[in-house]
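K.L.:
Sequence:
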Amino acid sequence: MSKLWSNISLLVISYLFLAGLFWIGQFGGAQERLTDLLFLPRSVNQDIIIVAIDDKSINKIGRWPWSRKVHAELLEKLSVVRPTAIGYDVAFPEASNPESDQALSLAFSKHNIILPVEQVDMGLQKPYELFQTKTGLVNVLVDNDGIVRKIPIDSFASKIINKKAEINGNYLRINYSGKPGSFNTYSFIDVLENKIPLENFANKYVLVGATAVDLHDSQVTPVSMGREMAGVEIHANAMTTILENKYLIAESKSFTLLTIFIFTLLAVITASWPIAWLWLILFIIYSFVSFDLGIIRNLIYTPLAIILVNIISLIIRYLSERSQKEYIRKAFSYYLSDSVLKEILKDPSKLRLGGERKEITVLFTDIAGFTSISEKMDPVDLAKLLNDYLTRMTNIVFANKGVLDKYIGDAVMAFWNAPIANPDHAYLACKTALEMQKETGEFGMRIGINTGDMVVGNMGSQMRFDYSLLGDNVNLGSRLEGINKEYGTKILISQSTQSLISNQLITRLIDTVAVKGKEKGVRIYELRNMNYDTNFDVARDLYEKGEFAKAAKIFEKIIDDPPAKVFLARCQEYIKIPPPRWDGIYHAKEK
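Just so it is clear: in the sequence shown, position 402 is 401 by numbering that gives the first Met the number 0, and no numbers are missing.
Mixed in with the good hints, there may be bad ones.
Capping the alpha-carbon separation at 25 angstroms, the derived lysine-lysine pairs in DSS-like fashion look like this [claimed, not checked]:
#1 K68 to K133
#2 K544 to K519
#3 K68 to K149
#4 K484 to K564
#5 K163 to K76
#6 K517 to K357
#7 K405 to K383
#8 K405 to K515
#9 K357 to K375
#10 K194 to K76
#11 K484 to K430
#12 K357 to K405
#13 K133 to K178
#14 K252 to K149
#15 K203 to K55
#16 K400 to K375
#17 K552 to K515
#18 K575 to K556
#19 K515 to K549
#20 K245 to K162
#21 K437 to K400
#22 K405 to K437
#23 K149 to K133
#24 K519 to K405
#25 K575 to K489
#26 K575 to K588
#27 K564 to K549
#28 K163 to K125
#29 K588 to K515
#30 K76 to K203
#31 K133 to K162
#32 K552 to K564
#33 K489 to K556
#34 K400 to K489
Just so you know, the hints here were simulated from the structure itself, not pulled from any lab data.
Can you build the whole structure from these sequences, using the hints too?
P.N.:
Given below as structure tokens:
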């Protein structure tokens, strides 16, 4: 076949293949993630000011929610300079203190105020009827990868600036100005205490909203850079997009197909040239320039066409010189057996060290008092007992599609959802725990289970490695097993696990615990095979609120419940010596 016909064949096959993939919509998620990389920092709109309900303000004013008089006081101060509009991103869905409500309603009447409405499961959550102001929808659209790239076209942002996005469709793609914290932002308490000149707010769009971490009003955005962006700043970016007409519009399908063809043709013509990969660089530059002009190019198929053509060209040239497969087979046959070679040819990554981050459910077990048991038994009998025990535990793990990680003496470590994905991983791990407890009635077995992101893969040296797990969430699973000793429980699971199985199995909230070596508290639950006295829940809630005397009276009535006994002793101690700055978190004393 002549070179001309070879190139024509390569052009036609490559183009039809890629055009087909594009037409059926492959790699949509990858397109979004690549588009995220096109955002470059630019100057923010100086007409937009954020007043942040931040940690500093909460520490000074008091725990959230604040009295509505506090909000009224802020608005009264701003009324002196009359901002263009105020987007008050705080929900006031119900009546409060009548005097406070009247004060806030009066303050609202002095401004062009826009309050949030939110689409929830039960419908629209609107402001309390006393507050007769404009409203705007604050919901954002979270993509499958957890990133906020769009908002509804009729949004909170558009209501604040009184301008609808001049685009077709039901949603607006936000053109982010920069990373979190880019907009001019003042602390709520600083404005309240007259530390900020009020002239700064004159003729400005003012957004009041939460940035404090504990208020949980933040999302991951394309420009998050490992840090979530406050919801109020997302609205500020949306306002900027509309105010400055910096809309982001995806190119048409027909234009994408034309672009794929042009770059495929150029790649075929220059495949044997030293500059063959230059087209990829030019396309990247072209994509950045287009994005700056408001046009989102398809970032998957044209680069893929350039790469595909160049790779195929390399392979064709290589195959013309020698038989690649035979060469590789002969080369590897000197170092590997036939059986290993077959596996390596299927998946060469099996020999490489390293791992991937996945959501995993991990289970740890231990026999209570195993050391004392072992001291009383003949070593031969002990080995037989332990082998029988571990065999039964392993069979239960395998029956529930788990992976046995390792034995550590009498302890067992297993995990689910890798290497084969299983959406029921948390349930299967919990089912395994219950079956283990049933199987080992003669032993006092403790089990800890946690679900979260972990690194899973081949761990070890170049000479020897195991398929195992790494990460803080692995350690938490192990700590939960040990914490059973403090509460007299048998199976403890984390909140992340409980949230996945709460509708399938019986659990009860035990405590909020900061495991040894950590400051942040984690809610822990007991996994049970039967129902329990719900008086425990009532008493535990009182305990968490710091009402130790009331809680102790209830715990005394259910003293036969091991955790109740623990909480009773703790309440009695706290009644005598109240804990400073009580936050409901218990700091574990043991690993």
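K.L.:
It remains to establish, for every hint, whether it holds in the given structure.
P.N.:
Hints versus structure:
1. The hinted pair formed by K68 and K133 meets the criterion: a straight-line CA distance of about 20 angstroms does not exceed 25 angstroms.
2. For a cut-off of 25 angstroms, the pair hint linking K544 to K519 stands: about 18 angstroms separates their Cα positions.
3. The suggested pairing of K68 with K149 is violated, with an alpha-carbon distance near 34 angstroms, which exceeds 25 angstroms.
4. In summary, the hint linking K484 to K564 is supported, as the alpha carbons are separated by about 13 angstroms, within the 25 angstroms threshold.
5. For the hint linking K163 to K76, the alpha-carbon distance of about 29 angstroms lies beyond 25 angstroms, and the restraint is violated.
6. Restraint check: the Cα-Cα separation between K517 and K357 comes to about 23 angstroms, which is no more than 25 angstroms; the hinted pair holds.
7. For the hint linking K405 to K383, the alpha-carbon distance of about 18 angstroms falls within 25 angstroms, and the restraint holds.
8. Restraint check for K405 and K515: satisfied, since their Cα atoms lie roughly 24 angstroms apart, inside the 25 angstroms limit.
9. Of the pairs offered as hints, the one joining K357 and K375 is violated, with about 43 angstroms between alpha carbons and a cut-off of 25 angstroms exceeded.
10. Only pairs whose Cα atoms come within 25 angstroms are accepted, and K194 paired with K76 is accepted, the gap being roughly 12 angstroms.
11. A hinted pair counts as satisfied when its Cα atoms are at most 25 angstroms apart, and K484 with K430 qualifies at roughly 21 angstroms.
12. Annotation: proposed proximity of K357 to K405 holds, straight-line Cα distance about 19 angstroms (limit 25 angstroms).
13. Under the criterion of a C-alpha separation no larger than 25 angstroms, the hint pairing K133 with K178 is inconsistent with the structure, at around 29 angstroms.
14. At roughly 20 angstroms between alpha-carbon atoms, K252 and K149 fall within 25 angstroms of each other, so this suggested pair holds.
15. Between K203 and K55 the CA atoms are separated by roughly 24 angstroms; this keeps the pair inside 25 angstroms, and the hint holds.
16. Distance restraint check for K400 and K375: the Cα-Cα separation of roughly 35 angstroms exceeds the 25 angstroms cut-off, and the hinted pair is therefore not satisfied.
17. The hinted pair formed by K552 and K515 fails the criterion: a straight-line CA distance of about 29 angstroms is larger than 25 angstroms.
18. Of the pairs offered as hints, the one joining K575 and K556 holds, with about 20 angstroms between alpha carbons and a cut-off of 25 angstroms not exceeded.
19. Among the hinted pairs, K515 with K549 is inconsistent with the structure: their alpha-carbon atoms are about 29 angstroms apart, more than 25 angstroms.
20. Distance check on the hinted pair: K245 and K162 sit about 14 angstroms apart at the alpha-carbon level, within 25 angstroms; holds.
21. Of the supplied pair hints, the one linking K437 and K400 holds, its CA atoms being roughly 18 angstroms apart against a limit of 25 angstroms.
22. Pair hint K405 plus K437 holds up; C-alpha atoms about 22 angstroms apart against a cutoff of 25 angstroms.
23. Distance restraint check for K149 and K133: the Cα-Cα separation of roughly 22 angstroms lies within the 25 angstroms cut-off, and the hinted pair is therefore satisfied.
24. For the proposed pair K519 and K405, the alpha carbon gap of about 29 angstroms is over 25 angstroms, so the pair is violated.
25. A threshold of 25 angstroms between alpha carbons decides the hint, and for K575 with K489 the separation of about 30 angstroms lies outside it, so the pair is violated.
26. Restraint check: the Cα-Cα separation between K575 and K588 comes to about 20 angstroms, which is no more than 25 angstroms; the hinted pair holds.
27. For the hint linking K564 to K549, the alpha-carbon distance of about 15 angstroms falls within 25 angstroms, and the restraint holds.
28. About 21 angstroms separates the Cα atoms of K163 and K125, which keeps this hinted pair within 25 angstroms; it holds.
29. For the proposed pair K588 and K515, the alpha carbon gap of about 6 angstroms is at most 25 angstroms, so the pair holds.
30. Proximity of K76 to K203 is assessed by CA-CA distance (about 15 angstroms); at most 25 angstroms being required, the pair is judged to hold.
31. This hinted pair checks out: K133 and K162 have alpha carbons roughly 14 angstroms apart, not beyond 25 angstroms.
32. Straight-line distance between C-alpha atoms of K552 and K564 comes to about 12 angstroms, which keeps the hinted pair within the 25 angstroms bound.
33. For a cut-off of 25 angstroms, the pair hint linking K489 to K556 stands: about 22 angstroms separates their Cα positions.
34. For the proposed pair K400 and K489, the alpha carbon gap of about 22 angstroms is at most 25 angstroms, so the pair holds.
Violated hints, listed in ascending order, are 3, 5, 9, 13, 16, 17, 19, 24 and 25; each of the other numbered hints is respected by the structure.
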